Amino acid sequence: MWEFIARSLEASTIFTLAALGELLGQRSGILNVGIEGIMLFGATFGFIAAQNSDSYAVGFLVAIAIGALLGSLHGFFSITLGVDQVVSGMGIWILGFGLTTFIGNPYTGPLGMDRIPTVFGVSPFFILSVILVAVMWFVLSKTSLGLRIRSVGENPSVAEVSGINVARTRYMCVVVGGMLMGFAGAVYSLDYNPVWNYNFLMGWGFIALALVFFSLWNPWILLGGSLLFGFLWQLSLNPQLFLPGVFSRYIWRTVPFVITLLVLMVMSTKWFRAKWGSAKPEALGEPYVKG
Amino acid sequence: MRIGARELKIEKRPSLSGWHAALISIGALLVALLLFSVLFVLAGVDPLEAYRGIISYAFLNPFGLPLTLNRFIFLLLCTNAFIIPYRAGLWNIGMTGQLYMGALAVFGVLALLGARRNGSVAVSPAILIPILLVVAAAGGAIYAAIAGALKGKYNINEIVVTMIMNFIAFWLVSFMIKEGGPFMGRGGEGESFQLPEALNAPLIAGVPFTLLLALGLALLLNFMFARTTLGFQIKAYGKSPAAARYAGINPVRLPILVFAMGGIMAGLAGYHYFAAVPGVYKITSNYGYYGDLAFYGIICGLIAMGNPIASIPVALLFGGLSIGGRYIQGKLHMSFGVDYALLGVLMITLVGFQYFYNNQIVLKTNRESLNKESLDVGVHSPES
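Chains L and W supply the protein sequences, listed in that same order.
Take my numbering: the last position of the first sequence gets the number 291, and nothing is skipped along the way.
Take my numbering: the last position of the second sequence gets the number 675, and nothing is skipped along the way.
No incorrect hints appear here.
Think about it this way: if two alpha-carbon atoms lie no more than 25 Å apart in a straight line, the pair counts; the simulated BS3-like pairs of lysine-lysine are:
1. W:K444 - L:K280
2. W:K300 - L:K290
3. L:K280 - W:K530
4. L:K142 - L:K280
5. L:K290 - W:K303
6. W:K573 - W:K469
Restraint ranges, calculated between C-beta atoms of paired labels, are given here:
7. W:S576 - L:I127: 37 to 43 Å
8. L:S157 - W:V653: 24 to 30 Å
9. L:V139 - W:R343: 53 to 59 Å
10. W:A496 - L:N197: 38 to 44 Å
Listed below are several chain W residues computed to face chain L (Cβ distance under 8 Å; list not exhaustive):
11. N448
12. I450
13. I455
14. I459
15. W462
16. G628
17. G635
18. M638
19. Q645
Hints in this document: simulated from the structure, not taken from any laboratory.
All values derive from a computational prediction rather than experimental measurement.
Heads up, the beta-carbon is just placed ideally off N, CA and C, and yes, glycines get one too.
Please put together the full structure from these sequences, using the hints given.
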């Protein structure tokens, strides 16, 4: 039982890190639907780097670097070139999905390194992810940097007039966001499930994307959502622990996805919106042209 | 950038003609293939030899060509499944799930008629094959319509919804065909039961009749966009949902409709691959590969710029590239996934080229600045 909880926390760590990266970008007005692609890149390159160097540190650093690179690619397309953000994000996802399948294939199989030690049975990355949530909350709501980020996400032209460099702020957010997504991928492939297999994520990135919508763009609610989905994901893998014999294991695999849809629906009803309001950044997804 | 009195400039494009669009698409394709050569070089393969191998196997080889044509039919249907909502400004990336649902509907009807138990059905193929087409289309349409309804009624991001529904459908197929599922074949190898032989789709010169169906639907869609009120409404909604509302277009019904129509195409693609391609005739254990292939539909749709006629040559080319890529991967002993990598490189190049849809590079003989310079010489500015 304790092991199950520890695994759930580990799963939720991956959701938290990736979704936190997305949240930061969205707060600055940039939607990135390519989370899963960046995670795949981070996971694959982190895996290859760690295996070749026999060092976890190298693996994680490579994953973070590749995440930053893809974040800046998304920034280049959507901020500098003004390409539709959805198109750019889709491009990054399909690039990640296609290229990592090809590049990672010779590495198919287990990582073959000693497991990363746990802290009282819990992955150290879980603790790190909670700290990062607190940092993100503090930066976004208590610092002038956070105010700048939020203002370019709400109304970039007003922000520009008041002396904020919109493009630079947005770049910073998508690059740091990309780092978090790449890191999340590496936590998957180096710690959570250190085996490389083609397209192994199977929807983690898309659930993380949905989690940002659930969170009302609040890091603490995001953490709550991640904990819930980490638990659900683990449950869908091991239903026999709680409800042995109910449904086929394949049906259980659909459960996190079905619940994602249900939550999205509830959140989009008039009742929910009237009660909680919409915290969506006003300029999300809109390309900004300096006028 | 200045070259003497001429200047290379990037300007906003006032409008985009069909010719320019075609040039941009061809440019994107060439750049992508050039970028992809890097992967060949890294793998120690001569890119020219590789491309020659791809093209000659895909289009000139008696074994490769039928494979290409079958994949073309599949991609054309998937492309149009993407295009219909895309014209309304909506993203259907759920072709994968919709085609699984189409296939499940087909095998569901067959299972009800006892095909799994007896290996045959009592109904005449002339009646049953059209019915199978209809249920495949309905399976895809109903599944896709859910995403359309969630978009229209609750304004839920359709990308998240369609993608999440892909995963739901993926696991449902596993449930149906594996580990004692209702459609599991007798051998229990994680595949569905075999399609009764009498129901194998009729072939025309070795190619399933679905070729004519896919081409006919593309023409029909083109007619719809060019000539009908519905086509106009879809385009109007795509330009501005708010404005479309004032024009009397129902903002809830339209997303449902375009997604359902897209789902019909994807459902038929499911019928095609699992019930019409010679040698398959069942839901195979590696069905996920065909689901992944459906993402080529996004790329084809973007390159064709949402034009159903343009999607015909594009889907043919990509069908050939993916078949040829798979072939040379084996022949040149490359790592698995050449066709996947090509998919990724093509997509990201295409994204970069989107920039040229709104901007153009122009070479200008800059008379204005020449005149200005000569004026500046003559007139003394106050500072001097």
